[in-house]
Amino acid sequence: AQSVTQLDSQVPVFEEAPVELRCNYSSSVSVYLFWYVQYPNQGLQLLLKYLSGSTLVESINGFEAEFNKSQTSFHLRKPSVHISDTAEYFCAVGGTFGNEKLTFGTGTRLTIIP
Amino acid sequence: GAVVSQHPSRVICKSGTSVKIECRSLDFQATTMFWYRQFPKKSLMLMATSNEGSKATYEQGVEKDKFLINHASLTLSTLTVTSAHPEDSSFYICSARDQGRSYEQYFGPGTRLTVT
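If you're matching them up, the sequences are chains U and C in order.
According to this note's numbering, the first sequence is numbered sequentially starting from 4.
According to this note's numbering, the second sequence is numbered sequentially starting from 13.
Hints listed in this document are in silico derivations from the structure and should not be mistaken for laboratory results.
Treat the hints with care, since some could be wrong.
Stated by the list, open to error - No farther apart than 27 Å at their CA atoms in a straight line, the calculated lysine-lysine pairs in the DSSO-like style are these: (1) Lys53/C to Lys104/U; (2) Lys54/C to Lys104/U; (3) Lys104/U to Lys67/C.
As the list claims (entries may be wrong) - Computed beta-carbon distance windows for the label pairs: (4) His97/C to Ser12/U: 41 to 49 Å; (5) Asn71/U to Thr29/C: 44 to 52 Å; (6) Ser30/C to Ala4/U: 17 to 25 Å; (7) Pro20/C to Glu67/U: 34 to 42 Å; (8) Gln72/C to Ser29/U: 14 to 22 Å; (9) Met57/C to Thr75/U: 41 to 49 Å; (10) Ala14/C to Ser55/U: 15 to 23 Å.
All of these numbers come straight from a predicted model, not from anything done at the bench.
The beta-carbon is built from N, C-alpha and C at its ideal position, and this holds for glycine as well.
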């Protein structure tokens, strides 16, 4: 069984400040890890993913996440946030067998303060 | 690439009627599609896994006779909410797994269902 914990339900951050959204997971098998972003009244968009290789993965809009196997974490970071980053962020874990479903965390609402 | 569409985006129906939601993979083949339900300010709850050409696999607690799923082709899955009640009002999101890249799911934009 797998589970994902996002401890912070809401994170307010001033514009241009750095942010970290925390994600911890538990799994008895090897995993793939994902961060999705959801804007109001929209579906989910893949932000970034860890499949294998380098533990630091980056997105095209400045976010990055680092897979830490010993701490079972996949925290999301951005050095300087923008108003447009206001959204709900979901961490998800999937098994590496390829046909397994995703397990989502409860989400973190990131609010950027002008 | 990897676009998933849902139709309709919003639907309002009367209690007791049935509503069909379509999920299409536009530029790839999806042997597996997933249906999720999202409550306000909550995470996604997986309802069922839809496999092309076979019966859907429902998660515990989801009524298969109420939420009918059909995956008749590699690009289309449908969710029918039968005899809808106000408590079925929710945001329904589908995702599709690319046949060639089985580890990744692509999500549709969601369907807002309101039952009056």
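Assessment of proposed distance window 17 to 25 Å (beta carbons of Ser30/C, Ala4/U): 34 Å, violated
Is Lys104/U within 27 Å of Lys67/C, Cα to Cα? This hinted pair holds, its Cα atoms lying about 16 Å apart.
Check the following: the C-beta atoms of Gln72/C and Ser29/U are separated by a distance inside 14 to 22 Å. Holds, since Gln72/C and Ser29/U (Cβ atoms, about 19 Å apart) stay within the stated range.
Below or equal to 27 Å on CA atoms is what counts here, so check Lys53/C against Lys104/U. 22 Å, holds
Assessment of proposed distance window 34 to 42 Å (beta carbons of Pro20/C, Glu67/U): 37 Å, holds
For the pair Ala14/C and Ser55/U, does the Cβ-Cβ distance stay inside 15 to 23 Å? 20 Å, holds
For the pair Met57/C and Thr75/U, does the Cβ-Cβ distance stay inside 41 to 49 Å? Distance hint for Met57/C, Thr75/U is violated at roughly 23 Å.
For the pair Asn71/U and Thr29/C, does the Cβ-Cβ distance stay inside 44 to 52 Å? 50 Å, holds
For the pair supplied as a hint, Lys54/C and Lys104/U, confirm whether the alpha-carbon distance does not exceed 27 Å. The hint holds at about 18 Å.
Confirm or reject the claim that His97/C and Ser12/U have a C-beta distance inside 41 to 49 Å. 29 Å, violated
Comparing the model with each numbered hint stated earlier shows that hints 4, 6 and 9 do not hold.
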